[in-house]
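A.B. asks: Sequence:
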Amino acid sequence: MKLYHAKNILNIALMGHAGAGKTSIAEAMLRLSGAAERLGKVSDGTTVCDYDTEEIRRKASISAAVAPMEWKGCKINLLDTPGLFDFAGAAAEAVRAADSVVIAVSGRNGVAVGTEKAVEAAETRGLAKVFFVNGLCDESARFYHVFEDLKAKFGPAVCPVVVPYFEDGKADIYINLLEYKAYDYSDGAPVEVDMPDMGDHRLQGLRTAICEAVAETSDELFEKYFSGQEFTPEEIIVGISKGVKAGTVLPVFCGDALLMHGMEQFLDGITWLLPRAADKAGEIGTDMNGDPVELAINEDAATAALCFKTIVDPFVGKVSFLKCISGKVNQDSSLLDMRTGASEHIGKVMLMRGKKQEEMPAIPAGDIGAVLKLSGVSTGDTLCAPSRKLALDGIDYPTPVLRMAIVPKKRGEEDKIAQAVQRMIEEDPTLQFENNAETHEMVISGLGEQHLDVVLAKLQNHSGVEAELRVPRIPYRETIRKAVKVQGRYKKQTGGHGQFGDVWIEFSPCDSNELVFDEKVVGGSVPKSYFPAVEKGLRECTAKGPFAGYPVVGLHATLYDGSYHPVDSSEMSFKTAAALAYRAGMPQAEPILLEPIGTLRATVPDSSMGDIMGAVTKRRGHVLGMESAKAGFQIVTAEAPEAEMTDFSVFLRQVTQGRGSFSFRFARYEPCPPQIAQNVPKQA
Numbered sequence: 000m001k002l003y004h005a006k007n008i009l010n011i012a013l014m015g016h017a018g019a020g021k022t023s024i025a026e027a028m029l030r031l032s033g034a035a036e037r038l039g040k041v042s043d044g045t046t047v048c049d050y051d052t053e054e055i056r057r058k059a060s061i062s063a064a065v066a067p068m069e070w071k072g073c074k075i076n077l078l079d080t081p082g083l084f085d086f087a088g089a090a091a092e093a094v095r096a097a098d099s100v101v102i103a104v105s106g107r108n109g110v111a112v113g114t115e116k117a118v119e120a121a122e123t124r125g126l127a128k129v130f131f132v133n134g135l136c137d138e139s140a141r142f143y144h145v146f147e148d149l150k151a152k153f154g155p156a157v158c159p160v161v162v163p164y165f166e167d168g169k170a171d172i173y174i175n176l177l178e179y180k181a182y183d184y185s186d187g188a189p190v191e192v193d194m195p196d197m198g199d200h201r202l203q204g205l206r207t208a209i210c211e212a213v214a215e216t217s218d219e220l221f222e223k224y225f226s227g228q229e230f231t232p233e234e235i236i237v238g239i240s241k242g243v244k245a246g247t248v249l250p251v252f253c254g255d256a257l258l259m260h261g262m263e264q265f266l267d268g269i270t271w272l273l274p275r276a277a278d279k280a281g282e283i284g285t286d287m288n289g290d291p292v293e294l295a296i297n298e299d300a301a302t303a304a305l306c307f308k309t310i311v312d313p314f315v316g317k318v319s320f321l322k323c324i325s326g327k328v329n330q331d332s333s334l335l336d337m338r339t340g341a342s343e344h345i346g347k348v349m350l351m352r353g354k355k356q357e358e359m360p361a362i363p364a365g366d367i368g369a370v371l372k373l374s375g376v377s378t379g380d381t382l383c384a385p386s387r388k389l390a391l392d393g394i395d396y397p398t399p400v401l402r403m404a405i406v407p408k409k410r411g412e413e414d415k416i417a418q419a420v421q422r423m424i425e426e427d428p429t430l431q432f433e434n435n436a437e438t439h440e441m442v443i444s445g446l447g448e449q450h451l452d453v454v455l456a457k458l459q460n461h462s463g464v465e466a467e468l469r470v471p472r473i474p475y476r477e478t479i480r481k482a483v484k485v486q487g488r489y490k491k492q493t494g495g496h497g498q499f500g501d502v503w504i505e506f507s508p509c510d511s512n513e514l515v516f517d518e519k520v521v522g523g524s525v526p527k528s529y530f531p532a533v534e535k536g537l538r539e540c541t542a543k544g545p546f547a548g549y550p551v552v553g554l555h556a557t558l559y560d561g562s563y564h565p566v567d568s569s570e571m572s573f574k575t576a577a578a579l580a581y582r583a584g585m586p587q588a589e590p591i592l593l594e595p596i597g598t599l600r601a602t603v604p605d606s607s608m609g610d611i612m613g614a615v616t617k618r619r620g621h622v623l624g625m626e627s628a629k630a631g632f633q634i635v636t637a638e639a640p641e642a643e644m645t646d647f648s649v650f651l652r653q654v655t656q657g658r659g660s661f662s663f664r665f666a667r668y669e670p671c672p673p674q675i676a677q678n679v680p681k682q683a
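Going by numbering that gives the first Met the number 0, the letters in the sequence shown line up with residues 0 to 683, in that order.
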């Protein structure tokens, strides 16, 4: 493929709810443009964008795929994204690289949560938006019902451009309302036909919707429309074009990707309506002093590019996808990674279409490409020319909320799991992994159950390691509630020098996260040289408490008396004596279990408030307050025990249909209720 200038490049993210047919739309666009030799199907596992083994097996996208194509003098970089919420990190990558968003909507199911999230993601970054209502050849498709839902949800900015004409329940004819032409797809290829009779009522309603959308684009047109004057055809076309680029008009196209109905009109429409890379006017970066730097889309300027996606191919190696903001990313050049400060050699520059590669001489400003074997570059890194050092905004990933312990089914394969998961994190930064030294577990965090299920499948397929997920152990603590005085006496005679240590220690509760050690010995009953040994012996013992073997906190130990032998006493004997005093005194001091309490901040729809507050109470938590968030949403702040929150992410998604989000952070330790605490020693 030849190199294109930014004025002829469109970078488009394809988003929407799961099952709306995004990958099928991408496949139809690729086939129609000639970028694919055949029309692949998700059900057959033959699509360009869903090429990963897990995607083929699940018949669903789990990562973003880049699919460039050419259409009427333009290059379209299409970024196909997953609709499943567990893989929202891939959608975040695509939105960061895109200049506009096409939102797929099911002609049968209509507006869904994924539709709302796609619109919100586009608006957050100020991107143009286009709706494509897909699957209209399905007998249960209801285009006009879906269109009314779109207008009800997103307002008068929703503008019909292509609409279907149903005859005997079939949508074979599609009408372009801007051209005022009709095309029949019943024989496969589109044939222009006479305008069918849609009925005055429906046609007038569609024209009104167009005029309402155009009126939103300027104050002058708004006044003209509401004064009762008619728009000229030129005002409508220019108004829609400007409105789409500005994000104030949301055009609606329709068709059926599997049967290729309406796809030519869709490709023509987005090529005409959506902004080109040159229209985006670059970005604002940050220089070494933290000052903003404006970057224009200019091929002759110093190079600045963002790595927005990484894949680790077992055969090719590491592949870094770059969007060039200014200058050119040339083969056999060197760029500076602003995160590491290291110089990275640019070897082969590739055009990636799914898993297929095609060498290209450079990635010009505004374009997207891939570079092989940039071992030190991670997703979100800025690569720039050494002559102009600056950093671009990274990628705003969702925070992983589901934590699970990952356990190999065979002993001794823990290292294999750790290494394999670290490689996956390079591709998917929404995964987190830690080796918890306290609970002796490997803990993996992701966006949901399917997300972590893919990790297990990849472990088995790529690394040959079988593993399972378990609820992670809770890092409890122990403390005491009353003061006690005990003796620890250690005496051992082994013929020759013996061992002797004798201490009296008072244990009492205090407000501290670790052992507080004091000494009040008078008269030299215990020499000062043995004080450190006594403290060391106690500190080692506090690693395991008397209740269930968890670390002890809030313990004040005071050495106030004892005795020694001038020959047999040693540091080791006093360390052992201190341990004996600890073991004797702690069970007498009314030991109790402390559980971690976290602060919950959940953003939920108004309609789900009762369910969420009930769930917090059921989980032994209490609500601290509520505050307004975006329209129709509230933020609930609460505190709850960590032990009760392990499945909260699953619950929240079910109750809010995926609209809700939350964060949960450790706050403090509190005494665990006796009825709960009595079961912990068995679990430990």
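If you are wondering where the hints come from, they were derived from the structure by calculation, not from laboratory data. It cannot be assumed that every hint is accurate.
Straight-line Cα separation of at most 25 Å, BS3-like style, residue types lysine-lysine; simulated pairs [as the list claims (entries may be wrong)]: (1) 388 - 354; (2) 1 - 327; (3) 180 - 71; (4) 180 - 150; (5) 40 - 279; (6) 1 - 180; (7) 484 - 415; (8) 279 - 317.
A.B. asks: Against this structure, judge whether each hint is valid.
C.D. replies: Hint check results:
Restraint check for residue 388 and residue 354: not satisfied, since their Cα atoms lie roughly 33 Å apart, outside the 25 Å limit. Between the alpha carbons of residue 1 and residue 327 the distance comes to roughly 15 Å, so the proposed pair stays at or under 25 Å and holds. This hinted pair checks out: residue 180 and residue 71 have alpha carbons roughly 20 Å apart, not beyond 25 Å. About 23 Å separates the Cα atoms of residue 180 and residue 150, which keeps this hinted pair within 25 Å; it holds.
For the proposed pair residue 40 and residue 279, the alpha carbon gap of about 34 Å is over 25 Å, so the pair is violated. A hinted pair counts as satisfied when its Cα atoms are at most 25 Å apart, and residue 1 with residue 180 does not qualify at roughly 34 Å. Between residue 484 and residue 415 the alpha-carbon distance is near 50 Å, which puts this suggested pair outside the 25 Å criterion. For the hint linking residue 279 to residue 317, the alpha-carbon distance of about 30 Å lies beyond 25 Å, and the restraint is violated.
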